[in-house]
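J.: Build the complex from these two chains, which are given one at a time in their own frames, with help from the hints.
Chains as they are written, first to last, in our numbering: chain Z, 38 to 304; chain P, 240 to 524.
It should be emphasised that the hints constitute simulated quantities derived from the structure, not laboratory data.
Backbone N, C-alpha and C define an ideal beta-carbon position, used for all residues, glycine too.
Certain hints may be false.
Claimed, not checked - Pairwise CB distance ranges (calculated):
(1) Arg250(Z) to Tyr515(P): 47 to 57 Å
(2) Gln272(P) to Thr160(Z): 25 to 35 Å
(3) Ala256(Z) to Ser365(P): 23 to 33 Å
(4) Gln416(P) to Gln218(Z): 27 to 37 Å
Below are the chains, spelled out letter by letter.
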Amino acid sequence: MLKDITLGQYFPGNTFIHRLDPRTKLLTVVIYIVAVFLAGGWGGYALLLLLAALAMAVAKLGPKTLLKGMKPVLFVILFTAVLNLFYAPGEPIWSFWILHITREGIRNAARMVLRIVLLISSTLMMTYTTSPMAITDGLESLLNPLKKLRFPVHELSMMMSIALRFIPTLIEETDKIMSAQKARGADFETGNLIEKARALLPLLVPLFVSAFRRADELAVAMESRCYHGGEGRTRMNELKMAGRDWLVLSGALLALLAVILLRIRGL
Amino acid sequence: MRDIIIAQNLSYSYETGDDSRTLAIDGLDLSIQRGSFTAILGHNGSGKSTLARQFNAVLLPSGGRVLVDGMETKNEALLLEIRRRIGIVFQNPDNQIVSNVVEEDVAFAPENLGVPSGEIRERVDSALKAVGMYDFRLHAPHLLSGGQKQRVAIAGVLAMGPECIVFDEPTAMLDPQGRADVVRIIHELRDSGKVTVVLITHHMEEAVGADRVVVMDHGRLKMDGTPAEVFSRVEELRALGLEVPETTRLLYELNQRGCQLPLDALSPDDCAGAIYAMLTEGRES
Numbered sequence: 038m039l040k041d042i043t044l045g046q047y048f049p050g051n052t053f054i055h056r057l058d059p060r061t062k063l064l065t066v067v068i069y070i071v072a073v074f075l076a077g078g079w080g081g082y083a084l085l086l087l088l089a090a091l092a093m094a095v096a097k098l099g100p101k102t103l104l105k106g107m108k109p110v111l112f113v114i115l116f117t118a119v120l121n122l123f124y125a126p127g128e129p130i131w132s133f134w135i136l137h138i139t140r141e142g143i144r145n146a147a148r149m150v151l152r153i154v155l156l157i158s159s160t161l162m163m164t165y166t167t168s169p170m171a172i173t174d175g176l177e178s179l180l181n182p183l184k185k186l187r188f189p190v191h192e193l194s195m196m197m198s199i200a201l202r203f204i205p206t207l208i209e210e211t212d213k214i215m216s217a218q219k220a221r222g223a224d225f226e227t228g229n230l231i232e233k234a235r236a237l238l239p240l241l242v243p244l245f246v247s248a249f250r251r252a253d254e255l256a257v258a259m260e261s262r263c264y265h266g267g268e269g270r271t272r273m274n275e276l277k278m279a280g281r282d283w284l285v286l287s288g289a290l291l292a293l294l295a296v297i298l299l300r301i302r303g304l
Numbered sequence: 240m241r242d243i244i245i246a247q248n249l250s251y252s253y254e255t256g257d258d259s260r261t262l263a264i265d266g267l268d269l270s271i272q273r274g275s276f277t278a279i280l281g282h283n284g285s286g287k288s289t290l291a292r293q294f295n296a297v298l299l300p301s302g303g304r305v306l307v308d309g310m311e312t313k314n315e316a317l318l319l320e321i322r323r324r325i326g327i328v329f330q331n332p333d334n335q336i337v338s339n340v341v342e343e344d345v346a347f348a349p350e351n352l353g354v355p356s357g358e359i360r361e362r363v364d365s366a367l368k369a370v371g372m373y374d375f376r377l378h379a380p381h382l383l384s385g386g387q388k389q390r391v392a393i394a395g396v397l398a399m400g401p402e403c404i405v406f407d408e409p410t411a412m413l414d415p416q417g418r419a420d421v422v423r424i425i426h427e428l429r430d431s432g433k434v435t436v437v438l439i440t441h442h443m444e445e446a447v448g449a450d451r452v453v454v455m456d457h458g459r460l461k462m463d464g465t466p467a468e469v470f471s472r473v474e475e476l477r478a479l480g481l482e483v484p485e486t487t488r489l490l491y492e493l494n495q496r497g498c499q500l501p502l503d504a505l506s507p508d509d510c511a512g513a514i515y516a517m518l519t520e521g522r523e524s
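Just chain P, with the same shape it has in the complex (with noise of 0.2 Å):
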């Protein structure tokens, strides 16, 4: 099976008191494809982060239906086996360490499914290892900074074994080093070829090295594609709240003045490229 996570004409709504429902969740239908990195935008209230919690049984759907690895979510027999699959990375990395030894943190999940004690260690060292924490691993996690916490988090979804981790605005809490690293981390993971990464995040900056971009609203799914397809389509980002990154914005303030550039020219190498290439080729002219 190819698919990861497939969400058919998914809805999901709410009680907001007095019996009305708000509806987060407008029909939607998604695909995660295995191995890839996917990124989720969107701005706040258009459903992204109850998304998210759908993919883990969190949330069960109102309507239509969620497949973890061909597992319904809403089985609950399944519940472990679809939760031991999809990581979820919170955005407050002070509300999801559970413990007041950052070894013991990362060990929860294991602990929890029945790993023999030998293998948790194993599992332990080497997810603390892939986010540069080992040296860390004895210390208490309220002395750490939001960076650092942020990467116990993550080393404490990854000891689970997930195939999956979806980050939910994982860096919204954190200075910009700490935002650096975890990003850096995020890539690393994509890279190593082991997990799917959906990200979730208003910063459009992140979402560029992602494979494909999906961009939400009202619960609705508004646009799907690579990201030098979707940012390329500025007007349409704007008027669904949504900013551009830099680069994008920098070559369509351009093209506003009258030049002809390339929107898809999304890191900033090929945008000081495209620029350079009308420049020289202006002086020819």
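So that you can see chain Z by itself, here it is in the shape it has in the complex (with noise of 0.2 Å):
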């Protein structure tokens, strides 16, 4: 049952977009929300969603997976929709009782929610083709010149990638306490939410538990193989720029460009 859950969904490929350098993945999912946020009228909003529609193309992904992907957020989504649409002032073109549909809340509604599903599907796609520990690699390497304001930048991504390895572990760890704690009777389908809440508790205690002692023997494994912190350091695959890369991030930049350009002239 809880083995569905995937975290980090990554899709093994070989597609452009799957070879690119993860940092490079990582600025133009930054260059292109600014983008979207920057875009005015309906020519900027053309332009992102056709790009965004080409890296689909090419990353070879259906439009089916990143719906699925969108699903947690769908009550968002709506929400922002009903909210706008409702809430905007203007002349009404459809009215009942507290309710008014209003032209320019028709449009923020769509605005909106365009917006919102580009900003989602654009990281989608970025988590879809890197790896979680190519994505954990290209942070460190961009945020490596905050270490010189002394941010723990090696720390931190390499608590991120230890937590990456230990989901599945330890998502396996609670299949085995709760199929024991079934087999004892505990119950943790029927009642209300706060009773299924409660049956959880005896699953925390083991859980936490046998996560400490695992943190423990991982921290004596890991000194014995000469872990010593981010210093002198060197790495198997280092991460490198090559040609594509550029190409990529002068065309997100010459994309951003536009957006602006388009919004200037009220479009």
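T.: In structure tokens form, the structure reads like this:
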């Protein structure tokens, strides 16, 4: 049951986008998000939509996969749409009781929904095509300048990658503890939300105890393999920016420029 | 220098709440000869795992000293030099794998040591081939079986380029197949002659192939000798809460019933040979 949860969903592949440096993908997503917020008129949105569709086609991701990933935020999207639809000032074109739908409302709702969809699909496309480890490595490398300000960049990325490594192990363990408790009559399925939450409490205690023991053993194992922080550490797979990375980055910057120009011209 | 690890009058105690201390190792003297295969036996709580952690300066002596390749473990400046020479493979394979990808986990130690990336690649590939996990190099560790995970952990230690590998009950959590694989790899490593092997275990069968067997009890050395010497002292071992290998046990039980068999025939072939010799001898006379 718990094993169905996929975290940091990554679909391995070997497309142009898969092979991009993780830093390129991270930066491109950031540029893209800035562009989404800067876009003023439909011209800008059309351009951004086109780019998203292009990336999707190159990465060989079907629209179904993206829609599936958007499921958890469906509520947020609907909520924003409804809120914008009814609470915009202007000439009502349809009224019922205290609800008024205005032309501006429809326009705002459509724009907000489009924005959210573009934001989420761009980040999803990055996590779908980049392994969690690569994202961690990319973040560490991008945040490297912050080391001068004594920001613990290496420690953070090590924590992130260890967390990612142990998520499946701990899920497996939760499953085991649940089965063991079910075998002795524990009930996780019936009752209201509060009763269900209370049933989970005896699950958390052994899980925490074992997580701490694991952490302790892992620390000894890491020390035994000469881990002594980020200083003087090398990498087997060093990140390298290739020609395609510069191509994509300059393309992203050009798109951002185009969006700004379109906005100035009121499109 | 012939000995890779020397423990001199080593003792270690740890706090057990309310100011009381428990003595885990009590005045122990032990030298591990370079290139040898030593098995350390003892029941739970005999101090054998604590001893392993003394060998690579994860724990430091409360009394006496430990020398690794002539370097004292108390000297903090030599910490990395000591740890790169002594690799440890722990009991639980899950809790010693750091990375999400097999080959990146194997690369962890050389990365920590600042080895250039090209050389890391070579070390990782040859370590994975040595344990037969090269085809799994891009897999996620949590999808592997226990035995496979333990082989990855061994590769991770091998990639560090150690002079001595200490196995701390490496098969305790494995199924029979995984256990057989790990034991085979330990023997291959020893036969390669490149590393010194120290195997801590409570499976007597695994100790049969060693050059030397050391038995620990309450933090002290109780017996020290070749497997044949140690295992023929059946009563003493039993008094320490240890069993003997199946072969020795069979010979011992037969002797109890009046046979005259040598107790040092440890391998199943030798054991069968000894029984056969006794039977044919009986027929002749």
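J.: It remains to establish, for every hint, whether it holds in the given structure.
T.: Checked hints:
1. Our hint of 47 to 57 Å for Arg250(Z) and Tyr515(P) holds, since their Cβ atoms are close to 50 Å apart.
2. Judged by the Cβ atoms, the range 25 to 35 Å given for Gln272(P) and Thr160(Z) is violated: they are separated by roughly 58 Å.
3. In this structure the supplied range 23 to 33 Å holds for Ala256(Z) paired with Ser365(P), their Cβ-Cβ distance being about 28 Å.
4. One distance hint, 27 to 37 Å for the beta-carbon pair Gln416(P) and Gln218(Z), holds here, with the actual separation near 30 Å.
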